[in-house]
Amino acid sequence: MRLPVTTRRLTMGCMSRVLQRSSAFAARLRQKDWACSLAGLSLRHYSTKTAPQIPGMEYQDAICTLNTLQTNASALEQVRRERSHPQLQLQAMRSYLERAGLTVENLDHLNIIHVTGTKGKGSTCAFTEQILRGYGFRTGFYSSPHLVQVRERIRINGQPIGKELFTKYFWQVYGRLDETKDAHGGTMPAYFRFLTILAFHVFLQEKVDLAVIEVGIGGAYDCTNIIRKPWVCGISSLGIDHTQILGDTIEKIAWQKGGIFKPGVPAFTVKQPEHAMSVLRDRAKEMGCPLWVSPELEDYQEDGGPLRLGLAGQHQRSNASLALQLSHTWLQRRCLPDKSFSSSSVENTGRLQATGFKPSPIMLKGLADTEWPGRTQTLKHGAVTYFLDGAHTMRSMQACLHWFRETAAQHERNASGPVARVLLFNATGERDSAAMLKLLVPCQFDFAVFCPNITEAIASCNADQQNFNVSVENMLTRCLDNERSWRLHNSLGDIEGPQLLIEDSLPLVPEKKADTLVFPCILSALRWITQGRDSVVADPAKTVLPVKPSIMAKAAPLCDAAEIHVLITGSLHLVGGALKHLDPASSK
Numbered sequence: 046m047r048l049p050v051t052t053r054r055l056t057m058g059c060m061s062r063v064l065q066r067s068s069a070f071a072a073r074l075r076q077k078d079w080a081c082s083l084a085g086l087s088l089r090h091y092s093t094k095t096a097p098q099i100p101g102m103e104y105q106d107a108i109c110t111l112n113t114l115q116t117n118a119s120a121l122e123q124v125r126r127e128r129s130h131p132q133l134q135l136q137a138m139r140s141y142l143e144r145a146g147l148t149v150e151n152l153d154h155l156n157i158i159h160v161t162g163t164k165g166k167g168s169t170c171a172f173t174e175q176i177l178r179g180y181g182f183r184t185g186f187y188s189s190p191h192l193v194q195v196r197e198r199i200r201i202n203g204q205p206i207g208k209e210l211f212t213k214y215f216w217q218v219y220g221r222l223d224e225t226k227d228a229h230g231g232t233m234p235a236y237f238r239f240l241t242i243l244a245f246h247v248f249l250q251e252k253v254d255l256a257v258i259e260v261g262i263g264g265a266y267d268c269t270n271i272i273r274k275p276w277v278c279g280i281s282s283l284g285i286d287h288t289q290i291l292g293d294t295i296e297k298i299a300w301q302k303g304g305i306f307k308p309g310v311p312a313f314t315v316k317q318p319e320h321a322m323s324v325l326r327d328r329a330k331e332m333g334c335p336l337w338v339s340p341e342l343e344d345y346q347e348d349g350g351p352l353r354l355g356l357a358g359q360h361q362r363s364n365a366s367l368a369l370q371l372s373h374t375w376l377q378r379r380c381l382p383d384k385s386f387s388s389s390s391v392e393n394t395g396r397l398q399a400t401g402f403k404p405s406p407i408m409l410k411g412l413a414d415t416e417w418p419g420r421t422q423t424l425k426h427g428a429v430t431y432f433l434d435g436a437h438t439m440r441s442m443q444a445c446l447h448w449f450r451e452t453a454a455q456h457e458r459n460a461s462g463p464v465a466r467v468l469l470f471n472a473t474g475e476r477d478s479a480a481m482l483k484l485l486v487p488c489q490f491d492f493a494v495f496c497p498n499i500t501e502a503i504a505s506c507n508a509d510q511q512n513f514n515v516s517v518e519n520m521l522t523r524c525l526d527n528e529r530s531w532r533l534h535n536s537l538g539d540i541e542g543p544q545l546l547i548e549d550s551l552p553l554v555p556e557k558k559a560d561t562l563v564f565p566c567i568l569s570a571l572r573w574i575t576q577g578r579d580s581v582v583a584d585p586a587k588t589v590l591p592v593k594p595s596i597m598a599k600a601a602p603l604c605d606a607a608e609i610h611v612l613i614t615g616s617l618h619l620v621g622g623a624l625k626h627l628d629p630a631s632s633k
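Mapped onto my numbering, the consecutive letters of the sequence shown carry residue numbers 46 to 633.
Simulated from the structure, these hints should not be mistaken for laboratory data.
Mixed in with the good hints there might be a few duds.
[What the hints assert, rightly or not] With a straight-line cut-off of 25 Å between C-alpha atoms, the simulated BS3-like cross-links for lysine-lysine are:
(1) K587 with K599
(2) K213 with K252
(3) K425 with K587
(4) K403 with K425
(5) K274 with K226
(6) K213 with K633
(7) K425 with K213
(8) K252 with K274
(9) K213 with K226
(10) K252 with K316
(11) K330 with K297
(12) K307 with K330
(13) K208 with K587
(14) K316 with K330
Given these sequences and hints, build the entire structure.
Set out below in structure tokens:
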């Protein structure tokens, strides 16, 4: 199976354009003194001088060049080599940092809050950043993955940095690394490493008062863990994920997460499974790090009734409590340096239990105002309501299910007539999608729709959401496997013969049953689900491949329903691709 000819040509055109410009860029770097004018100072000293803007290098050129670090052969070989020697990862990261003109000592000036976890670490960071921004601090926030545009990963005062700023800082860092690669065996950092270095560079150049840094994967050997002196660390809820890298038990994963602890730096976590908590406690003792368990949200003293959260879902309550402890501790340590740090706590079964305090009005407002797209997010477009959550582990899917059933029920009570329920699902990597789908069966969806994380089958160069590490064939095969799992869970039986063809036409769904469908891209799936009832999705400027009339006929229940409720879940990348179409402002 291959992408349609139109898509292949446009993608190749995009890459050809950037390679031409990148070649010109490399030639400039070889010119006398260009590297010095770009870096400002020698590579072992951080420079606050602004590097010259490179004429002709636009945002899309930067993103296409960034994407080459996904497939760079030497970068992938590094990753394979370092998996068996994980301690090499931090060593390599320090080397790249220095080649980019930074040192680990520079990072001490960022007043960092470092957060890891399996589920909820991004939401915890979002709550924390919003609270501290409310105090008037200039905040930096580094997170992953992005939903629509790469620059979402690097935020100043809660907003993704602008395209112009991203482009300027991208070429500064890329230029320094490219200029030094010949002296280092031709190596360039892989995608996530590069973005981490870029984030540090941006935050230093933009002179943030603090930086909230979300770990990528794990903790101990994650490239963000070159941070030496954070002000406080946090670990959100732990579960099973990324087992090929972190290990296949909760104890092994907890060991990796506890690797962000630093001597004398206070750390907070939430209630964890017993064995995971035991490992975290041992890691904290080993590191000489005081570790507290955040209290229940109900334990905070509040005169005006229950605390109101900007993020929906019962599971966000532990994230909010952790964020309160992190922000409170940062304020104490950073703004009251003359007072020795001590958390109000009591001994509880061998560990320190943090106690609730009375949150300030600024903290209360921060919790209520927090937004974190793609996580328990609801969008209503006329007769169609979308419920988006990037849950991709068993525990996060359980939380998503609880939120969806509760929230969708509220919407259905207010509906003017019958409601059609549709699941739009995809899962990637090593995740057990069959087990996640089994959790969703009780929701009684009228249709289960599957598609890969491809935003459009006919598209311009959408470089922000390109993934070169997984083939289209593998993505489509995974969708068909997911569909088969759903049918088996629902006792619908298997389907014989080919179900998905996307070369020049779109007979993309099984003919025999109307309950499951597979589409080649997110836009095609959304178009079929909404049946012209969402004007944003039906935008005539967006072209999709034609669907067979027999498939369109199966959508009669969607046309007859008073409202359509769509749960989009299983992958943050799927949610991001959907948001690109549902919220056009997000891609501008």
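Quick one, are K208 and K587 close enough, alpha carbons at most 25 Å?
Holds: K208 and K587 sit about 23 Å apart, inside 25 Å.
When you check the alpha-carbon spacing of K213 and K226, does it fall within 25 Å?
Status holds; Cα separation ~20 Å.
Restraint check for K252 with K274, where alpha carbons must lie at most 25 Å apart
holds, 18 Å
Between K213 and K252, is the straight-line Cα distance small enough, at 25 Å or below?
holds, 16 Å
Restraint status (C-alpha distance of K307 to K330 at most 25 Å):
holds, 10 Å
If you draw a straight line from the CA of K316 to the CA of K330, is it 25 Å or shorter?
Within the cut-off at roughly 18 Å; holds.
Checking one constraint from the list: CA of K587 to CA of K599, max 25 Å. Satisfied?
Since the Cα atoms of K587 and K599 sit roughly 23 Å apart, the hinted pair holds (cutoff 25 Å).
Starting from K425, check that the Cα of K587 is at most 25 Å away, please.
holds, 21 Å
Given the hint that K425 pairs with K213, does the C-alpha gap stay at or below 25 Å?
Violated, at roughly 37 Å.
Does K226 lie within 25 Å of K274 when you go C-alpha to C-alpha?
Violated: K274 and K226 sit about 29 Å apart, past 25 Å.
Satisfaction of hint between K316 and K252, Cα-Cα up to 25 Å
violated, 35 Å
What's the verdict on K330 and K297, does the C-alpha distance respect the 25 Å limit or exceed it?
holds, 17 Å
When the structure is compared with the earlier hints, violations turn up for hints 4, 5, 7, 10 and for no others.
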